[in-house]
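Please model the complete structure; the sequences and the hints are all you need to start from.
Read off the chains here:
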Amino acid sequence: MKQAYTPAELMVVVAAREIKDREVVFVGMRLPLIAFAVAKRLHAPNAIGFFENGVVRDTPSASLLYTMGDPPNIEDALQCCRMTTVMGLMQKGEVDLGFLGGAEVDRNGNINTSYVGDPSAPRVKLPGSGGAADIASLARRFVVIIEHNDRRLVERVGYLTSPGNGDGAHWRANEGLPRGGPAAIITTMGVLRFGFESGEAYLDTIHPGVKLEDVKAKTGWPLMVTPVLKPTPEPTDEELRIIREVDPKRFWTS
Amino acid sequence: MTMRDAIAQHVPDGSSVALGLALEALIPFAAGHELIRQNRRDLTLIGPISDILFDQLIGAGCVKAIVAAWVGNVSAGLGYNYRRAAETGVPNKIHIEDHSNFTMALSLLAGGLGAPFIPARTLLGSDILKTNANLRAAASPLDGEQVLLVPALVPDVAVLHVQRADETGGNHCWGNLGVSEEGGLAATKVIVVAEEIVGVDVIKSDPNRVLVPAHRVTAIVHEPGGAHPSPVQGYYGRDTDFYQEYHTQSQTAEAFEQWRQRWIGAIGSRAVYLKLLGAERWRALAVKDKKLAAPANFSAT
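Residue numbers (my numbering), protein chains in the order written: chain G, -4 to 249; chain F, 2 to 302.
Please keep in mind that the hints were generated in silico from the structure rather than gathered at the bench.
It is possible that some hints are incorrect.
[To be verified] Keeping only pairs whose Cα atoms sit at most 30 Å apart, straight-line, the calculated DSS-like set for lysine-lysine is: (1) G:K244 / F:K292; (2) G:K244 / F:K65; (3) G:K(-3) / G:K244.
Okay, structure coming up:
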């Protein structure tokens, strides 16, 4: 029998599988920190991790990180440097993949982490971009990790912090963005990917035990679904073992 | 110089102050708390992210404007004081100039280079360009391609927390640097806060580890533990519990007022703050092992 796992653990595993061997990954915070460790130890041993505070790593940190500036992320780093070093290489096109979170993501993969309501008199002031808008603008592709409900997966973001496909597939090129765009949205209910022609998100796999009608009901736009919908592959015992080694108190993965 | 004197002499009301330039590490909390203790007003805070330091200064009513990419509590979530100020004008309204981390870095880099602006390819199509009037897209005069123009930023003061410094202003910082170097070169005045004061010979033994050259450092403050709860590589780790506690203890303006009284108002210095934190907790955060860099030979002969 398969081991039980939490939605966060499944999301970490799906995120880890997005990382291919030898890729340069802008790792970010929270779940992607653990996804990077899983990928490094299993299928992507030669992946390189970039952290926007100015850290380059070829190994996951020896203990769990609460932030990218924690001392274990510095010890045994490949390089400690300035932010402009890692951001500059990303602007040059040398970062394959970046991970992002958000308060809202829309059907074209645009992300809001700034304001709910009118920016001059916001109903909710969110923390802001951090490096997210840069990763969305400049990485070769990006992946969003977010809880699935219709307040978070919306028809159109109220404020576009981090650019996805704007209002369609050709928007990025028209705006002058050099490359990139959203590759996937990993949620608590499934994995969405993006149509090449439309630039719009569709449901690609559904998490085990989740009903399609519930996914549709909890998505803020009429969600397109792949013709042959398959379940998201479950975490293997080995993947779960690594996650629980990395996050033993389940600070990020409970 | 004491922290009290450094802040009193170099950071008057209305200053623009760059803080937290190494991002989650080396945040000059002691300097921020002294700004609150001296009741500074109308500050413009500059920094990519600040973890909870900007939130505290906003809650204490010290802030007129924020120029930042992110303000909140990195491991715990939103910053409640930031939300209150932006949403309801409590304790006062603040002006927010939205940035991304990269545009903050490029603004300070341009400031340090003496360049009017730096062109970039980030944020094109982002609404950040709509709410920050200082950032704009334009056609490059070289090839007509759209580029983002990121104007230079010159803070009145940058406060940099480092591992060690000497009496003349020489300083060593290690670990990730974020935009420390850019901020230190851009700012008009630089206050260096150090865990340890060492001889000039120690700093000169490794000139590659210097953040800002001594001649442009305005004041040196010896303040052990001055970055707590943020980490200082080789000295102490991050007190993540403290950030969680702050999160629950700043949910309302009244609760924050109590937090501020306890951790800032009722105490006059960082030494007293560390006593309040407790010897056991402070010892548990201390770095115990040694992992020394290999020496580099700088000899000319």
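Mind checking the alpha carbons of G:K244 and F:K292 for me, to see if they're no more than 30 Å apart?
holds, 27 Å
Against the 30 Å threshold, does the CA-CA distance of G:K244 and F:K65 hold or violate the hint?
violated, 40 Å
Starting from G:K(-3), check that the Cα of G:K244 is at most 30 Å away, please.
Judged against 30 Å, a Cα distance of about 21 Å means the pair holds.
Violated hint: 2 only; the structure is consistent with all others.
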